[in-house]
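Undergrad: Single-letter residue listing:
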Amino acid sequence: MISLKGIRKIYQMGEIEVKALDGVDLEIEEHEFVCIMGASGSGKSTLMNIIGCLDRPSEGSYTLDGSDVSSLTSRELADIRNRKVGFVFQTFNLLPRMTAHRNVELPLIYAGNNDKERKKKTALALEKVELSDRAKHKPNEMSGGQRQRVAIARALVNDPSIIFADEPTGNLDSRTGLAIMALFQKLHREGATIVMVTHEMDIALHAQRIIHLKDGKIIGDERVKKSRDAEAEFLAVADLDHDNLSDAISKHE
Amino acid sequence: MNITEGLRQSLDVIRGNKVRSFLTMLGINFGVGCLIAISVVGLAFRDSVNSEMGRYGSTLLWVQTNWRAYASNESRIYMSGRDKKYFESALPGMISIESIFDANYTVSYQGNTTKTTVMGVEPAHFDMFSVHMEQGRLFMDDDLINKRAVCILRPDIAATLFEDEDPLGKMITINDRNFKVIGITERMGQGFISDGSDNNTIFVSQDYVATRIWGGRDIRYWFLIMKFDILENVDLAQERITHYLNSKYGKLRGEERFQIERLDTYVGMVDKILNIITVLVLVIAIISIVVGGLGIMNIMLVAVTERTREIGIRMAIGATSRDILVQFVIESISLCLLGGGTGIIFGASLAAIACAILKWKFMISLSIVLGALFISTSIGLIFGIYPSYKASKLMPIEALRSEV
Ligand SMILES: Nc1ncnc2c1ncn2[C@@H]1O[C@H](COP(=O)(O)OP(=O)(O)O)[C@@H](O)[C@H]1O
Ligand SMILES: [Mg+2]
Numbered sequence: 001m002i003s004l005k006g007i008r009k010i011y012q013m014g015e016i017e018v019k020a021l022d023g024v025d026l027e028i029e030e031h032e033f034v035c036i037m038g039a040s041g042s043g044k045s046t047l048m049n050i051i052g053c054l055d056r057p058s059e060g061s062y063t064l065d066g067s068d069v070s071s072l073t074s075r076e077l078a079d080i081r082n083r084k085v086g087f088v089f090q091t092f093n094l095l096p097r098m099t100a101h102r103n104v105e106l107p108l109i110y111a112g113n114n115d116k117e118r119k120k121k122t123a124l125a126l127e128k129v130e131l132s133d134r135a136k137h138k139p140n141e142m143s144g145g146q147r148q149r150v151a152i153a154r155a156l157v158n159d160p161s162i163i164f165a166d167e168p169t170g171n172l173d174s175r176t177g178l179a180i181m182a183l184f185q186k187l188h189r190e191g192a193t194i195v196m197v198t199h200e201m202d203i204a205l206h207a208q209r210i211i212h213l214k215d216g217k218i219i220g221d222e223r224v225k226k227s228r229d230a231e232a233e234f235l236a237v238a239d240l241d242h243d244n245l246s247d248a249i250s251k252h253e
Numbered sequence: 001m002n003i004t005e006g007l008r009q010s011l012d013v014i015r016g017n018k019v020r021s022f023l024t025m026l027g028i029n030f031g032v033g034c035l036i037a038i039s040v041v042g043l044a045f046r047d048s049v050n051s052e053m054g055r056y057g058s059t060l061l062w063v064q065t066n067w068r069a070y071a072s073n074e075s076r077i078y079m080s081g082r083d084k085k086y087f088e089s090a091l092p093g094m095i096s097i098e099s100i101f102d103a104n105y106t107v108s109y110q111g112n113t114t115k116t117t118v119m120g121v122e123p124a125h126f127d128m129f130s131v132h133m134e135q136g137r138l139f140m141d142d143d144l145i146n147k148r149a150v151c152i153l154r155p156d157i158a159a160t161l162f163e164d165e166d167p168l169g170k171m172i173t174i175n176d177r178n179f180k181v182i183g184i185t186e187r188m189g190q191g192f193i194s195d196g197s198d199n200n201t202i203f204v205s206q207d208y209v210a211t212r213i214w215g216g217r218d219i220r221y222w223f224l225i226m227k228f229d230i231l232e233n234v235d236l237a238q239e240r241i242t243h244y245l246n247s248k249y250g251k252l253r254g255e256e257r258f259q260i261e262r263l264d265t266y267v268g269m270v271d272k273i274l275n276i277i278t279v280l281v282l283v284i285a286i287i288s289i290v291v292g293g294l295g296i297m298n299i300m301l302v303a304v305t306e307r308t309r310e311i312g313i314r315m316a317i318g319a320t321s322r323d324i325l326v327q328f329v330i331e332s333i334s335l336c337l338l339g340g341g342t343g344i345i346f347g348a349s350l351a352a353i354a355c356a357i358l359k360w361k362f363m364i365s366l367s368i369v370l371g372a373l374f375i376s377t378s379i380g381l382i383f384g385i386y387p388s389y390k391a392s393k394l395m396p397i398e399a400l401r402s403e404v
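Residue numbers (this note's numbering), protein chains in the order written: chain A, 1 to 253; chain B, 1 to 404.
Take these hints with a grain of salt, some might be off.
Said to hold, decoys possible - Incomplete in silico selection of chain B near chain A, CB under 10 Å:
(1) Ala319
(2) Thr320
(3) Asp323
FYI, nobody ran anything at the bench for these hints, they're computed from the structure.
Every residue gets a Cβ at the ideal spot worked out from N, C-alpha and C, and that includes glycine.
Excised from the complex, chain B in its bound form:
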C-alpha cells in the first residue's frame, strides 16, 4: 500500500464521517493553535522589545545609592562631583553622563496653581531618553552659560497651567522663582524605559538648580546614568565603577553601597518573564495536544471495530498486516494533520489579532509552521499506532465474519 493510496482512502473516510472527524481533531486544533499563537506573539514581543531597545541603544548603565543597604536613620553616602569627573575621564566609549534630580514643587501661572514633579536634567537627557519636542526648543549651552531660568513642559502640565493660551515665552513660578517656558515636549508614549517623568513633569536645567538653589555647594548625586557606544564598554565600565566605588567608599556590612544596573539585564528579565508565559502556554498546549491525541486514539479504536469487516475484506483480497497497519496510521496522521493545519490557521489568526491590537509586528516563520506540522504528524503516529496494530493483527476470517 503506498502513501497516496492511503491518503486517498483516509480522505474518503474523513469525508464520510465529517462531524466525527471535526470533533476528533478539535483537541489537536486547539493545542497547535496555542503553540502557534504563543510562538508568533512571543516573536512579535521580542521584536518590539528589541526595536524599543534599539531606540535607547541598550548600552545604558546607571549607578544609584543602594537604599536597602542602609538602616533607616543611617546617613547615606552619595557620589560627588569628583566621582562624576572620574567616570567621565576613566570610562572609554562613554557618549554621555547625566544625573537627575527631581522633587515636587508648587507651580503656578497667573491664577492656576498646582503641585507637580520638577526634574533637573542635563542637556543630554532628552537624547538619552528619546524625548522629542512638540513646540519650542531644547536647553542650549547658551542657557547654561548665562544661567537662564528656563523650563520645558510636558503637555499635560502645559494644558493645566495655560489652558488654551500659548505657553511659549511665558513666565511660570516654581517654588516662588520665575522660569521662562521655552518648549513643550511630545506626549509620552508607552516606552519600555523611562526617566521617571510623566506627562505632568516640568524639566529645568540642572545646572541652574545646582548653582542657584544649592548655591554652589559641592553637588552630591544619588543617581548617575551613562550611555556608551558598545556593550563591551558597558562591561568595562561596570567593572571599573564597581572597583572605584568599593575602594573609595568601602562596603557596608558586606553590602555594596551603590547599585549598578544595566539596560541589557532588563532585556534579559523581559526575556525571562516571556519564557515563563511561554512555558505556561506550552503546558496548556501540550495537555490539549495529548488529550487530543487520546481522542484520536479512541476514535481510531472505534473505527477499527466498526470496520472490522472491511479489514477482513481487504485481507481476503491480499492486504498484508503491514498494509492494514499503514492504512490506519495514515488515517490517524491525516486526522491530526487536518487538526494541526487548521490549528495553524486558528493560532496565526489569534496572533494576528493580538499583534494588531498591541501594534506589534506580525511575523510567522516557516520553521514554526513546519514544527507544528511535525508535532501533528508525530501525535497521529504515536496515538494511531496502537489501534492500527490491533487492526493489523486481526485474523482474516474472523474479521470477515464480523457482523458490524
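One chain only, chain A, in its complex shape:
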C-alpha cells in the first residue's frame, strides 16, 4: 500500500545541507501496525510527513495505493489527506476556538458532507473515543488525554484507510498514554492501517513491526513476535481514583 524508494529530504540551511532523510526504502502493507523509532532528530517526523502527503521528498519515489504521489495535484493531495489518511499529532493540533464537536466535524465539511451526515458521523467518531459527553467542550476545557482523543476522533471521522500518529503519547502521562495505545490497537483490530512515530520502546512494543531510523537512514526493521496488549496493561496500572493506596502499591511491586 505504501512504497518508498530512495527517499531523500534535504534542507539547505545557508552553507550547510541537512539530510533529514538519506535514502529511505520502505514498504508498508495494508492492515499493518508499524512503529517508527529513533532518537530525536533522526528524521521520524520528516518521514511521517512525507508518507502522510503533508510534505514532498527532495528525491526518490513514493507510491501510495498504486499512484505516484509526486504526480498528484495539490487538490488531489488535499483529497488524500481528507479521506484516505488521518493524522494525529503530538501537540494535538486542535483549533482552539472550536468545540470538540466542531473540531471533529471539520474534515467532513471539507469532504462536502451535508448537515445530517456530518452530525451522524461526528457523533459516531466521538463515541468511538468515548467522548460523547464532552462534545460541547473547547480544547482548553479538556485534559491532554481528552484532547488527544478528540484529535483521534477527527482523524477517524472520514473513515480513512491509514492513520498516522506522530508521538501521540508524547505529551501524556503514561497511564493516559496506555489508554490512547489501547484505542489505536482497537482501531487496528477493526481494520485500520496504523503508522506511528515514537522514541519509547514501551510504546513501540504495542505495534506489530518496528522500524529503526538513525540519521535519516533505516538501520533496522523487525517484526514484534508478541505485541503488548495496551488494554490489559492499562487495567493493570494502578488507578488511584478506584483502588486504595495499599492495593496500588502492591500492584506495582
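Add chain B with the ligands to chain A, keeping to what the hints say.
TA: This is chain B with the ligands only, laid out in the frame that chain A set:
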C-alpha cells in the same frame, strides 16, 4: 467549504477579536455612512426643490433688460405696452403676464415714518408668487376700474407702522399720497423663488401707479414675467420672444438687449450645485472606503500570519487551497459587510437628523441600501483576495510547523 460554514467561522473570528474587528471596520463604516447620508440628503433636497417648484409650476419665464450689454451712460431700451400686448396675444398657453415696478419711498402712519420698498404689482402677482393673505383681501378688478388708492402690507411693515393697532381700513401715506390698507399678507417663508419682496414690502396696484404717477404716458417695462400651462409652451414662448425682440430692437454689439430666463433652468442649476456637493462627499467617501479597505487588507495579512498554524491544521485534515482562499475572503467580506451595515445605519441616522432640521422629507430607497452592501462586498473581495491568496499558497507542513 460552503458559504454558511465560512460565515460561521468568520463570525467566530470576529467575536473572538471584537475590538480589533471594530477598529478595522471603522473606515468602511464612515465611508459607507457618507455615501448613504449624501444619497438620502440629496434625494430629500431634490424632493424639496421639486415640491417647491410644484408650487410655482416651474413653467415661469421672465424677460428683462440686459443691463450688462449697455455701457454706463448709454440709454437703454425697454419693452413697451405694445410689446406686452403682443406677448399676450402671440404666446399660446399663457396663463398670466405681469410686470413689477419697485422703488423706495418714505411711508408713514400718524407719527411713524420709515423708508421701505413699494412694489407696483398686478392682480396676478399674488397667485404667481404664492403670496397668501393673513387678513383682509387682495386687489380686485373693482379697485382697478375705480382707480382706488389701496395697498397691501407685508407683516413687518404693518407692525412698524401700526404697532398694536389694526391696520385694516386705515390710511397711510406713501410719498405724500394717501393709500388705504386693504390686507396684510402672511409672513414670507424661505421660498425658492421670490418676487424680490421681503416682510417689509408694501404692494400697491400697478395700474394706479401707471395712471396716477406716470400720468398716462406709454409705460416702459424693464421686467415682464409670464406663467404658462406646460413646458412646451415655455419653449415656444422663449423662441418667439427672442425672435420678436431681436427683430424689433436688434442686437447691441452682438449682445442680446433682453435676457430671457426660465425657472426650469434654475432647477438645473440647483441640480448642478447639488451634483458638485455630491461629488465632493463622494470623493471623501471613496477615500475613506479605500483607506478602510487597506485597513482590512492589513488586518487580514496579520490574521493570516497569526493563524498560519490553523491553516496548516486545516490543510492537514483536507482543506484545499481553494477552501482556505474562500474562508479568508468570506472573513474579509464579513468584516466589510459589518462595517457597511453599521455604516448604513450611521449614514441614515445622520441623514434623518439633517432632514429633521431642514424639514425635508426623509426617504431611503432599497437601491441605496443594496448599493452600499454591494460596495462593501466588493471592497471585502478586492482587499481580502491578496491576503487570502497568500494563505492559500502556504505549504501544509510549513504552516503546521509555524510557532505562532
Ligand atoms: N524545516 C526544516 N528546516 C531545516 N531543518 C529541518 C526542518 N525540519 C527538520 N529539519 C531537520 O531534519 C532533521 C530531522 O528532523 P525530524 O524529522 O523532525 O526529526 P525527529 O522527528 O526524528 O525528531 C533534524 O536534524 C531537523 O533539524
Ligand atoms: Mg519529531
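Undergrad: Each hint should be assessed against the structure and marked as holding or not.
TA: Here is how each hint holds up against the structure:
no.	hint	in the structure
1	Ala319	5 Å, holds
2	Thr320	4 Å, holds
3	Asp323	6 Å, holds
Comparing the model with each earlier hint shows no violations; every hint is respected.
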